[in-house]
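Undergrad: Assemble the complex: chain X is given as a structure, and chain F must be docked to it using the hints.
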Amino acid sequence: MILFAALLAVFVAVVLMTFRTVAGPTTFDRLLAANSIGNGAILIVALYGFLTDRPDFIDLTLTYALLNYVGVFAVLKFFRAGSEDEEQAEETR
Amino acid sequence: MTDILANIVSGVLILAGAGFFLTGAIGFIRMPDLFTRLHAASLSDTTGMALILSGLAVHAGFTVAAVKLVFLILFLLFMGPATTHALAAAALAAGVKPLGAMRHAAKKGPAKVADTVKTIATSAAKAAPKKAPKNTSRNMPKNVPKNTPKKGRRP
Numbered sequence: 001m002i003l004f005a006a007l008l009a010v011f012v013a014v015v016l017m018t019f020r021t022v023a024g025p026t027t028f029d030r031l032l033a034a035n036s037i038g039n040g041a042i043l044i045v046a047l048y049g050f051l052t053d054r055p056d057f058i059d060l061t062l063t064y065a066l067l068n069y070v071g072v073f074a075v076l077k078f079f080r081a082g083s084e085d086e087e088q089a090e091e092t093r
Numbered sequence: 001m002t003d004i005l006a007n008i009v010s011g012v013l014i015l016a017g018a019g020f021f022l023t024g025a026i027g028f029i030r031m032p033d034l035f036t037r038l039h040a041a042s043l044s045d046t047t048g049m050a051l052i053l054s055g056l057a058v059h060a061g062f063t064v065a066a067v068k069l070v071f072l073i074l075f076l077l078f079m080g081p082a083t084t085h086a087l088a089a090a091a092l093a094a095g096v097k098p099l100g101a102m103r104h105a106a107k108k109g110p111a112k113v114a115d116t117v118k119t120i121a122t123s124a125a126k127a128a129p130k131k132a133p134k135n136t137s138r139n140m141p142k143n144v145p146k147n148t149p150k151k152g153r154r155p
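Chain order of the listed sequences is X and F. Numbering-wise, the first sequence is residues 1 to 93 according to our numbering. Numbering-wise, the second sequence is residues 1 to 155 according to our numbering.
Chain X extracted, bound-state conformation:
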């Protein structure tokens, strides 16, 4: 019951963050919203796993967390430096 309520709350939060992803005026807003949606996905997977008595889903949440942060940093790197090879060219100069 509590797990279901928490699942519902997290789902509503993810829906709200989706609005910001569509409406966000800057790229960074969208990136932050995508990061938060990824966090919400982690919570949803974990809560659903415990709701259906299958705690093996935790492995999936670990993978999601790693991918989420690597993705955010890759996109940030892209928007700061243009692209990876340009940045490397700058470093060698």
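In case anyone wonders, no lab produced these hints; they're calculated from the structure. Incorrect hints may appear among the rest.
[As the list claims (entries may be wrong)] Here's a subset of chain X near chain F, in silico, CB distances under 8 Å, partners left out: (1) 5; (2) 9; (3) 12; (4) 17; (5) 20; (6) 26; (7) 50; (8) 58; (9) 69; (10) 76; (11) 79.
No experiment lies behind these values; they were computed from the predicted model shown. All C-beta atoms, glycine included, are put in the ideal place defined by N, C-alpha and C.
TA: Same frame as chain X, now just chain F:
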């Protein structure tokens, strides 16, 4: 007895975490500019996730799942602030200005206003020549704004 206690503790932790997460999402919708949104989303996200996952760890008891959850919590507690910091630094370097900077300076007096104007000008000058040739050489969309976003509502 300990079973009931564990249930109560995990329920309270999970509900508190879900409340934090939902509050963060509402703040993320309502806040007027990028940095306030960053504040609302990142802090409550980290807290909510840590609370929910620790509640699930209490719910799981002494199992492998609980250990994995503890590792996940540790990872999130380290990486959440790092992501927030990187996002804020990248936004500042790209020329996104905090909404209340000039208003705050106006309250402090004319010397502070001049200082803020100078800071904004130097940061814009630092950001502009680095960005300009790259945007034209690559077919990158120009979604890095030079000014504060106008669409946000003031609180």
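Undergrad: Next step is simple, just say for each hint if it's right about the structure.
TA: How the hints compare with the structure:
no. : hint : in the structure
1   : 5    : holds, 7 Å
2   : 9    : holds, 4 Å
3   : 12   : holds, 6 Å
4   : 17   : holds, 5 Å
5   : 20   : holds, 6 Å
6   : 26   : holds, 6 Å
7   : 50   : holds, 6 Å
8   : 58   : holds, 4 Å
9   : 69   : holds, 5 Å
10  : 76   : holds, 5 Å
11  : 79   : holds, 6 Å
Checked against the numbered hints given earlier, the structure satisfies every one of them.
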